[in-house]
Every structure is written in structure tokens, then in C-alpha cells.
Amino acid sequence: MPLRYGDDPYVWACWLYYEDGLTQGEIADVMGISRATVNSYLADARDRGIVNIAIEPARLASLTVAQALKRHFGLADCLVVPSEDTARPLIDRIGAAGGQALHRLFKSGDTIAVSWGRTVLAISEHAEVAGLQDVTVVQATGGTRASFAYTPELCAAALANAVNGKLINISAPAIVSAPAVRDAFLHEPLIESQFEALARANKALFGISSLRPNSTIHTSGFFESVPLQDYLAKGAVGVVAGRFIDVHGRAVAGPLDDRTIGISLDMLKNIDLRIAAAGGFDKVPAILAALRGGYVNVLITDAATGRGILNADGVTDIDQRSSQRLRPESQAPLPSATRMRVKKFLNDPDKIVEEMLDGVVRAHRKYLSPIDKSNRALIARDGPRSGKVGLVIGGGSGHEPGFLGYVGKGLADAVAVGNIFSSPPPIPILHCAKAASGGEGVLFVYGNYAGDVMNFEMAAEMAETAGIPIRTVLTTDDITSSPIEDRDGRRGVAGNFFTFKIAGAACDRGLSLGLCEAVTRKANMRTFTVGVALEACSMPQTQRPNFEIGAKDIEFGMGIHGEPGVIREKMISADEIVDKVMDRIFAEMKAVEGSRVAVLVNSFGATPMMELYVLFRRVEQRLSAKGIAIEANWIGHYCTSLDMVGASISIMELDEELTGLLHHPCDTAVLKIT
1 MPLRYGDDPY VWACWLYYED GLTQGEIADV MGISRATVNS YLADARDRGI VNIAIEPARL
61 ASLTVAQALK RHFGLADCLV VPSEDTARPL IDRIGAAGGQ ALHRLFKSGD TIAVSWGRTV
121 LAISEHAEVA GLQDVTVVQA TGGTRASFAY TPELCAAALA NAVNGKLINI SAPAIVSAPA
181 VRDAFLHEPL IESQFEALAR ANKALFGISS LRPNSTIHTS GFFESVPLQD YLAKGAVGVV
241 AGRFIDVHGR AVAGPLDDRT IGISLDMLKN IDLRIAAAGG FDKVPAILAA LRGGYVNVLI
301 TDAATGRGIL NADGVTDIDQ RSSQRLRPES QAPLPSATRM RVKKFLNDPD KIVEEMLDGV
361 VRAHRKYLSP IDKSNRALIA RDGPRSGKVG LVIGGGSGHE PGFLGYVGKG LADAVAVGNI
421 FSSPPPIPIL HCAKAASGGE GVLFVYGNYA GDVMNFEMAA EMAETAGIPI RTVLTTDDIT
481 SSPIEDRDGR RGVAGNFFTF KIAGAACDRG LSLGLCEAVT RKANMRTFTV GVALEACSMP
541 QTQRPNFEIG AKDIEFGMGI HGEPGVIREK MISADEIVDK VMDRIFAEMK AVEGSRVAVL
601 VNSFGATPMM ELYVLFRRVE QRLSAKGIAI EANWIGHYCT SLDMVGASIS IMELDEELTG
661 LLHHPCDTAV LKIT
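Just so you know, we're using the numbering used here here: the sequence shown kicks off at 1 and counts up by one.
Mixed in with the good hints, there may be bad ones.
Label pairs and their calculated CB-CB ranges [as the list claims (entries may be wrong)]:
| id | residue 1 | residue 2 | range |
| --- | --- | --- | --- |
| 1 | L167 | D350 | 54 to 60 Å |
| 2 | R385 | E485 | 38 to 44 Å |
| 3 | H663 | E576 | 29 to 35 Å |
| 4 | L186 | Q543 | 54 to 60 Å |
| 5 | N161 | P9 | 26 to 32 Å |
No lab work stands behind these hints: they were computed from the structure.
Keep in mind it's a predicted model, so treat the numbers as computed, not measured.
A virtual CB, placed ideally from N, CA and C, is assigned to each residue, including glycine.
Kindly generate the complete structure, drawing on both the sequences and the hints.
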């Protein structure tokens, strides 16, 4: 049975009949059963409620995404886990689904190469494949002294136990100190025999790691002695079996090439069945790279990630095709080709950022001025001072008044500005750090995006070389972008507003660098945001929507750069939208009756104040019903996404310290508190 149908023959039969249009006789041939059995399956499915005009939506969405992934990337098979189930961590859900799938993928006599990682271990621990004989499991990389639970040794042992197979470990470290040491190991007869077994592998099971700061590569300590910046600077976006790849799936050369003992990318591609298991929004670029590179021909993931992969590779109609099956033909949305170009106030689209920044400096010269005559690095006129910790923020353009609007007394001392939806380069960030430094160090606060992390980290290294102590806090308030157990992998979105405010107040009060960092981290951890998009934004260069949302659809969890959300569904009322958002926030926020919070209802750019007040009305009702008081609120444009139609709701749970800092005076072009 193809993986995408799980273990449910009823769903398989119904899909072939209702979606693929096969006759019952053709279905019998495909499934290898009698026509009478097919007829029985279809009848029972209707009686059991599996089919009622349409397949149940969560299953339909997963099947649609799985089918699209298989077709678009030429996969042998694909298993997609529904994203609606948020009761269990994503890794557990992928692990359970993958574990059940192994009995259809592994056969007696197989030699299976197994890599390491949290998802690989979860699959191995959930798997129980009985009845196999003569199976060999080979550890795909060398070992490690690290103490984390998903080492190469433990992953290989767990899978060998699940399939009752013979285990062959690689009796060498995964990373050695020098190329000569690696060569010596590989010429040892014992290790030569182990690599001969690895070369005989006809199947492989492996995970895919991103290079985000919270990824397995970083948190495991596996590569702690390796300058990962070397790989990031060369365009690496992910790691497959300990090997770095770029967006096209090509190997990225670096200092580990001659020091790694384990399966090579060429060896992996020569294996017949290459099963990759990975999920989570932060892994979309890495998974897409692995697919483009041909390292995967069986993919196990979740629906939201699968949709993100397809959208990132130009497949934007997957949700429309799915939703159209559920409505009469006469109600189908108009094709995207009928949508007109978006009119904008432009001179030269390629110069819009420079012209915008020139306008900002002219409009707000009371609050900020260029550093070294560059509008890409702006300093507060009444901010930095001797004996005070400096606060530097920054990010891409297109989020105005985000970032540059929060520069002024009592808030940020300097801001670095990048191109539209792009990180500022390291040099403007360095200039900001130097200008903001008052002798007590500088705090960097910015969103958790790969480009920002890379460039701010490079600037931090240069600033510290120049004698300026740097501390960093990444904002991670977007609770839909990664599961709760992966909080550090989440994106920073409109909740930046609260984190910047707390950081600026702490710095202005003269707290030490360490205390400023600590209270800013607390503010970030107590801030929860969910965004909802109704229509796409449009880039100045194209003047067309940069993604597609159906005429009657909305998307929950949409990122501020157009990153895919977690679920797309039919348009519902404003109160129902807020209820879904608040239910998600309440599931994580620890606030109870008597607690106090701050609320931000933020427009993505094109949503008017009238509608934002309607949303705030319901937010206040839901909080009041729980006995939670609103200490302060803001409604308006605070962190936009060009002209996207949509809004986000951010809630910060307060304590006495945060309340005092929230009310601390500040004076910027966007925010004034007296």
C-alpha cells in the first residue's frame, strides 16, 4: 500500500475511486483484491463516515500534499502526517507514522544505512517490524562522545532492535582532528570491513537538519569545534548525513570534508531506497535542497511542511486544487491569471528602499540620523550615552514602521536596515554597534531568521574584536512556526514590538548588560503571536502577489515574509478567527485568572483600523472571560508585510518587572510613552 494512505485500505480505495476516477475493476487490479472487496470497501466507507461526498478534510489535505510532492519531485512514495493534530509534538507524530510505514518499506535481506537525529530515533523507537530475516543495520556515520539521546550509535541500535537485525557500528569518530587521522582510520581492516557493509546498503533512513541556531547541528554539540560560519557563508542551508548542501542540493566544501568519517553524498545517492524523515517550517529550505539534490526518494513529513516545500519550489495551487474538490464547480475561485497588477507609488522599483530611507530621515530627523552618511545604519539622536548599555535592532525593509520606527530615547539606540525581506549586511550592523556603544556593552535584538543570524553574528564577532562586549537575544514569538518543544526555532514577528520595548527600557534604566539580556529573554519567552493572512503582499519589482490564497480562503500562521502558515481553510467570521488564534495562544500561555497582559493587534499592511478594532473587541472578550486584565494595548500598523491583507495578535504575559519596563517612558517616531 502506498505510504500516503497510511494503513487504511478504505481511504486508499476511496481515493482511487472518488479522486483518481478509477473503476472498481481498475481499483481491484491496483490494490490486488477482488472487485467484490472493492465494492465492500466503498460501501463500508460511506457507512462509517469516512466518505460523505468528500474525504474528511485533514486526511484529504495530507493526501493531496503527499500526491503533489510525489508527482512534483518524482518520489517513489511519500507519507504526510496531518498538521491539525497539535496535541503531540511534531517529532512524535512523524516518528509514529514513520515507524508504522517501515513494515512496508523494509524486507528480509535488506542492508539498511541509518543516520542520526531526533526524528530518526523517534521513528526507530516507534517501529516494530516483525517477521524479517537476515536484515543488517549499518551505522552511516562514525560515533561521538556527546551525551545527547540521538547519537549515531543509539539510532542504529534502536533501528536494529526494531527490525531484529544484525547491527554493524562504525568503530571510529564521526569527526577527527585532521585529514591524516581520517586516512589512518579508513585503512584499518576493521573499519574497512564496516565501510564495505555500508557500501552494500540498499536502503537508507536519515533525517535532514536545518542550520538554524536551534537545529540538531547546533544543539547536539556534534560540530561544536567546527566554524559553521564557513558553511553558511558559502550558501549551506542544510545537512544530510553529516554533509552540508546548498539550496540546489550541491555539496558545500568546507573544513570538515577531509575530517569526516561516514557515508558520502555520492554513496547515499547510489542507495536504491532513500527514506528521509523531517518536519517543521524551519526545515523547508533544507528539505527542498535535499529533494533537489536527489538524495531522497521516499519522504516522511507533515502537511504544513510539505505545503511549504511545494510553495517554495513554485507549486502554489495545491490548496486551491484541494478546496475546489469540496465545492460545486460554479463556486470555484477565479484563476490567478485574472488578477491584475498591483498599482504602487514608485519611481524606480530597484531604488525604492533607498528612496524610502531618504524619506524616513527627512520625516523623522528629530529622532534619528544616518551613521557615516549611510541610511542603512541609523542612530537615535537622543539615545546612546556614556555608561549605558546600547540597544541595536534591525532587519529587512518592508515591515515599516517596524525596526526603524522604534529608534529613539528609551528604546533602540540604532537600527540596521536591509533590502526588502532581507537581512542587513554585517558592516552596517557593526557601525550601529560602535555608534550605540556607551562603554557598557551592546545588546543585539532581532528576529530568528537564518540571514539575520548569520550577519548579526559576524557583526558581533567584529565588534568584540574592537573591544565592544555583545549579547544577543533572538525573538521567537511566532508560535505557529515551530512546535512548542522547538521554541528556539520559531520566527520573530510582530511580538518584536514588546521585546524591543522591554529591552530599550532596561537599557535606558542603566541595567547591566547581563541583566538587560535576561529581562529581554524573559519578555520574548512570555510573548505569543499568531498571524492570519487574507491576501498576499506584492513586491515593488513585480507588482504582483508573491503567493496565492484562494478567493474564499484564509491562512493561519502566515509569516511576515509570506512564509506558509500551518493551515489554510475557508473564510470564517472575525470572531471565529480570533477564537482560533486565542485558543492557540491560551494553549501555551501560563496566564490565569488575575493575570495581566499587554495586547498588540497588528495590521500586515492593508488591513484597516476598522477591522483591527473588530478583532481587538473579541480578544478583550476572550481575555475578560478568563479573568485576565489588559494592562496596555496597541492597535494599528506596527510590523507589516508590505501590502499584505491580514493581521496578527500578540499577547505578552506580564509580571511586576515587565509591567514597569512596559510603562517606562520612550519617545520615537512610532511609539511615545510619557
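Hints and how they fare:
1. L167 - D350: 54 to 60 Å: holds, 58 Å
2. R385 - E485: 38 to 44 Å: The hint (38 to 44 Å, Cβ to Cβ) holds, given that R385 and E485 are roughly 41 Å apart.
3. H663 - E576: 29 to 35 Å: holds, 33 Å
4. L186 - Q543: 54 to 60 Å: holds, 56 Å
5. N161 - P9: 26 to 32 Å: holds, 29 Å
In summary, the structure agrees with every hint in the numbered list given earlier.
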